[in-house]
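Put chain B on the given structure of chain A with help from the hints.
For the protein sequence lines, the chains are A and B, in the order given.
Under our numbering, think of the first position of the first sequence as 57, with each following residue one higher.
Under our numbering, think of the first position of the second sequence as 57, with each following residue one higher.
I should point out that these hints are in silico values taken from the structure, not numbers from a laboratory.
Nothing here was measured: the structure is a model prediction, and the numbers come from that model.
We put the CB at the ideal spot given by N, CA and C, even for glycine.
One should not assume that every hint holds.
[As the list claims (entries may be wrong)] Ranges of calculated distance between the beta carbons of each label pair, as one might list FRET restraints:
id, chain 1, residue 1, chain 2, residue 2, range
1, A, Gly-175, B, Leu-132, 48 to 54 Å
2, B, Glu-366, A, Pro-319, 42 to 48 Å
3, B, Gly-221, A, Arg-210, 46 to 52 Å
4, B, Glu-355, A, Leu-83, 39 to 45 Å
5, B, Val-241, A, Pro-87, 50 to 56 Å
6, B, Glu-449, A, Asn-173, 47 to 53 Å
7, A, Leu-83, B, Glu-136, 20 to 26 Å
8, A, Leu-132, B, Gln-112, 26 to 32 Å
9, B, Glu-428, A, Glu-152, 27 to 33 Å
2 protein chains.
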Amino acid sequence: MSTPWSHRFAQRTQTIKSSAIRELLKLTQRPEVISFAGGLPAAELFPVDHFRDACQRVLADHATAALQYGPTEGYLPLREMIVENLRRYGIMASPENVLITSGSQQALDLIAKLLINPGDRILVEAPSYLGALQAFNVFGAEYVTVPIDNDGIRTDLLEGALRSGPKFMYILPNFQNPGGVTMSVERRRELVFLSNKYGVPIIEDDPYGQLRFEGEHLPPLVVLDRDNMRGDSTYQLGNVIYLSTFSKTLAPGLRLGWIVAPPEVIAKLVQLKQGADLHTSTFNQIVAYEVARGGFLEEHIKTIRAVYGERRRVMIKALEEFFPPEVSWTHPQGGLFLWVTLPEGMDCQKLFRAAVEQNVAFVPGDCFYTQEGEGLRNFRLNFSASSPERIREGIRRLSIAVRQQMEELHIVPALV
Amino acid sequence: MSTPWSHRFAQRTQTIKSSAIRELLKLTQRPEVISFAGGLPAAELFPVDHFRDACQRVLADHATAALQYGPTEGYLPLREMIVENLRRYGIMASPENVLITSGSQQALDLIAKLLINPGDRILVEAPSYLGALQAFNVFGAEYVTVPIDNDGIRTDLLEGALRSGPKFMYILPNFQNPGGVTMSVERRRELVFLSNKYGVPIIEDDPYGQLRFEGEHLPPLVVLDRDNMRGDSTYQLGNVIYLSTFSKTLAPGLRLGWIVAPPEVIAKLVQLKQGADLHTSTFNQIVAYEVARGGFLEEHIKTIRAVYGERRRVMIKALEEFFPPEVSWTHPQGGLFLWVTLPEGMDCQKLFRAAVEQNVAFVPGDCFYTQEGEGLRNFRLNFSASSPERIREGIRRLSIAVRQQMEELHIVPALV
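Next up, chain A with everything else stripped away, as it sits in the complex (with noise of 0.2 Å):
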């Protein structure tokens, strides 16, 4: 059916293709699929009960502000008390660095829209998380990609792309999606040294920096880079912005993210986002602050490390189980995902119609990569959102599509 529209679509739009990831998800929605494929935190943890008492509390208490328009900057509150948590990272910054966007999806679309023109390179990681690349893409955005390996971003060959004139870099340091890995200290002051060699700015993504199960937390590029800034006073944010979110920790449903970043910067981002939304509901705002404090967010987080580590360790059980030897897989310290290497010749997206069919999802490799061809012998896998027995059983389903390609393609299984 034709429409007096569809030739009015702007130059940009002619780069958005559907997603794959969305159309995947289609397929996957039925009840006996197992599904590694969504980045979904576990819905058993929401807490509920909280959220009906804070609920009340906020309609009792302070039912105009929840309900009326509000300020585009975000809810005072709720901007302190994010400011107060960064502080425990290291973090030091005031509210006047904080605002508050409708999920970090939206400050990935406000930085894109503030920094972006047509034909400008981003500096991104290879794979990197497919929701930027798409909050990228319709401004335009062309890419420079450096691969990561298990200690995240390979900073050896950072220079050459960094003297290419990226107009900065985005990065994900912690748990990265899709990759499962997390850079390492010395790689951390590396890049921070070169972003400020090649004045190239970083975007930091942080949405699974909590959520560490195991080992040492690592310092974030923006306290790296304030220390670079010597004699500076104490809220001086430089070369880095930094993005979280409070979808993996309290829930997603409230599309609640931040961005913290130079009064400079937020004063644009204010505008920005004033003609994008106005403002992030009210509501939800002053509901998640009366959730999340008191340390109850601490507390509830502590839980959530809990049970992803556990499913962490049930996958890669199942994997070290059920996969033959010539697949790898990484080994998260946290988050939500981790990323598997199928062998030489072996197809992601074939794989991934045959595990459709032994009712079992993931997300193939190479829609993470910014290149055609890049990533095909690649997963990722989510094991947030399943039980350890789905986990395990869903490993298992998937270890038999992964053989009979192998098998197709002549690949012997190597005696282990």
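What follows is chain B alone, placed relative to chain A:
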């Protein structure tokens, strides 16, 4: 304080000036100021008890759906309810025609993203809604303007403007913001006829249409347009994209609006929304559905209409009593605003400063125009957010500032 960011801002952000309204509102937040500046609905009418019950029900029966990620298109029962409500106004659509947005400001942002290439001309009413101009400016819009009078946009001046090839028309037919005027049926038919003749589609923004407290409901442009397309199926939507919101009927703090458009347009907007914020808060969508359903929304709107009708009556009575006869104003049959015209030579910006000294505020008229120097003899008054007593007192204060400026300019009040 300089940062590494400022010289990296994209070209599109150079057109963004800090919103005048935003700066003004800061001046007027002192409690002693009676503000007719904002576009706030009456907070005392928020159905707080219904919200409290709805939150309980949602968290008892739908907690997982409400707190988890949800579909980008929106919560299906809410989209179905919107479709049903639209039918009463003659708009025949199906849920596939409806996209839930984070307030109707996001609808404007997504439409601008979808349709505006830098330099595209957009046809807008003069004056028009400031938030729409902000959303369009970010994507490099230029403007063709057509003035409004008491019967809405001057369709007799439309053909010349349409010949200049605008990308689309942005029209507020009901209780226009800021004019307060409503487009006559004859002009609606003429507008739709010319839209088809010149192949220039229409964005019909209707946030206030349900808030009519006087006169008869008039057919929306989207209905008149469909009537033009004889022989097509019931659900055919053509040349008009229709926008509305729950901000003025339930609560703006929820940030819930919607777009009605042909499926092909919805499909593209869904992709853009995915990159912009993944989806609108599932919690708020389900709560709004629970509050609105079973006929409550219709009953509640009757209350709002009665209260706003009374406030508009009180404001006009006070204007008649206190203002000199050289000043005129519109007589809105619904909505939130009326529009004042001052005598030749007067300056609404100077008047604004004098008014704030009298502890009363409005929005100066030039804020609503795309060209410098227009609207200087006008200002917008909001009557929804103040009690009758404060309306009367505010208009009395404002009349002092008006008479002072008239005296300074030697504009002698006429004998009545």
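When the hints from earlier in the document are held up against this structure, which numbers fail? 1
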